[in-house]
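Trainee: Line by line, the protein sequences give chains A and B.
Taken in order, the first sequence gives residues 1 to 120; the numbers are from this note's numbering.
Taken in order, the second sequence gives residues 1001 to 1193; the numbers are from this note's numbering.
Any given hint might turn out to be false.
Only pairs whose alpha carbons sit at most 30 angstroms apart, straight line, appear in this in silico DSSO-like list of lysine-lysine [as the list claims (entries may be wrong)]:
| no. | chain 1 | residue 1 | chain 2 | residue 2 |
| --- | --- | --- | --- | --- |
| 1 | A | K67 | B | K1087 |
| 2 | A | K117 | A | K19 |
| 3 | A | K24 | B | K1105 |
It is worth saying that the hints were derived from the structure and are not from the lab.
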Amino acid sequence: MSANIMIVDDAAFMRMMLKDILTKNGFTVIGEAENGAVALKKYMELQPDLTIMDITMPEMDGLQAVKEIRKRNPKARIIMCSAMGQQSMVIEAIQSGARDFVVKPFQAERVIEAITKALG
Amino acid sequence: MMDTNLLILEDTTPLEVVSQCYKWTIAYKKRGKVMDMNLINPLIISFTDILTQFGFQSVERLDISMIGSTLDYEGVLVHISLVGKLKGAVLIGMSLDSAKHIASKMMMGMIVAEFDSMAQSAISEMGNMVCANACTQFSQVGITGLDISPPLLLMGHEVQAILPVSQTVAINFSVDSLNVNVYVGLLQEDSQK
Chain A
1 MSANIMIVDD AAFMRMMLKD ILTKNGFTVI GEAENGAVAL KKYMELQPDL
51 TIMDITMPEM DGLQAVKEIR KRNPKARIIM CSAMGQQSMV IEAIQSGARD
101 FVVKPFQAER VIEAITKALG
Chain B
1001 MMDTNLLILE DTTPLEVVSQ CYKWTIAYKK RGKVMDMNLI NPLIISFTDI
1051 LTQFGFQSVE RLDISMIGST LDYEGVLVHI SLVGKLKGAV LIGMSLDSAK
1101 HIASKMMMGM IVAEFDSMAQ SAISEMGNMV CANACTQFSQ VGITGLDISP
1151 PLLLMGHEVQ AILPVSQTVA INFSVDSLNV NVYVGLLQED SQK
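Could you build all of it, start to finish, from the sequences and the hints given here?
Mentor: This is the structure:
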């Protein structure tokens, strides 16, 4: 499966790890953002097939960014990828429009499974 | 008394640790201090769990001690604030060499000769994962709605940090023989008055 994906995470390390997993599995990383505000701008510019979004980030957090992106594109496919795995956080993410929630630290297979399901 | 105590809890069972924590809590409450020592358990579980998931073979808790609000450190320190029903800070400290080893493990064994921006980001993310996982642990015992700040990474030589709480618990771990300290200074919302 091939798709254009945007990675949003304030940690350069995490963006590198995700990019490595995605490219090894045939996906194209068309953009990266280090916070929700930059993600919103880049989303409108790049129109990715799918966005992988962290939650805890400076300026605008991932939950707010999901809401803002979904306001502009209700069909936007977004997967949350965060260490904040509390039930309340997962529910809020899904209610905001995220398709899935991957808890860090993650296995590559779990990320690919979530992407495949969201794109399917 | 307790302010200067270094309690060595080697070879203790989890039950004995909990028991000791209760004794500390009672002693502190009697003296007008309010940090509940049971708050350290989710951090111990979380740190052990996350570091094991990175591929470390042995994550062993060694000593637990009480320190005041001043923390002397050497090397690398990750600071994360907690907000919500619990407020305060969690810090994870280690030497520069230990930080490079941990970053290397997190990067699938990539050689980390310099503690560069990518290695710094990995160590910050480790702090983020430990604290976020601890929030999940807290939520399972009814302390819900916690949130954490993005990590702040401090590096230095003979540096002193002043923490926002009067008492801090220092937990010393051996991570595949690397020495790592977790400092927990948390107060429950209703006990801050």
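Trainee: Which hint numbers does the structure go against, in order from smallest to largest?
Mentor: Checked against the structure, no hint fails, so every one of them is satisfied.
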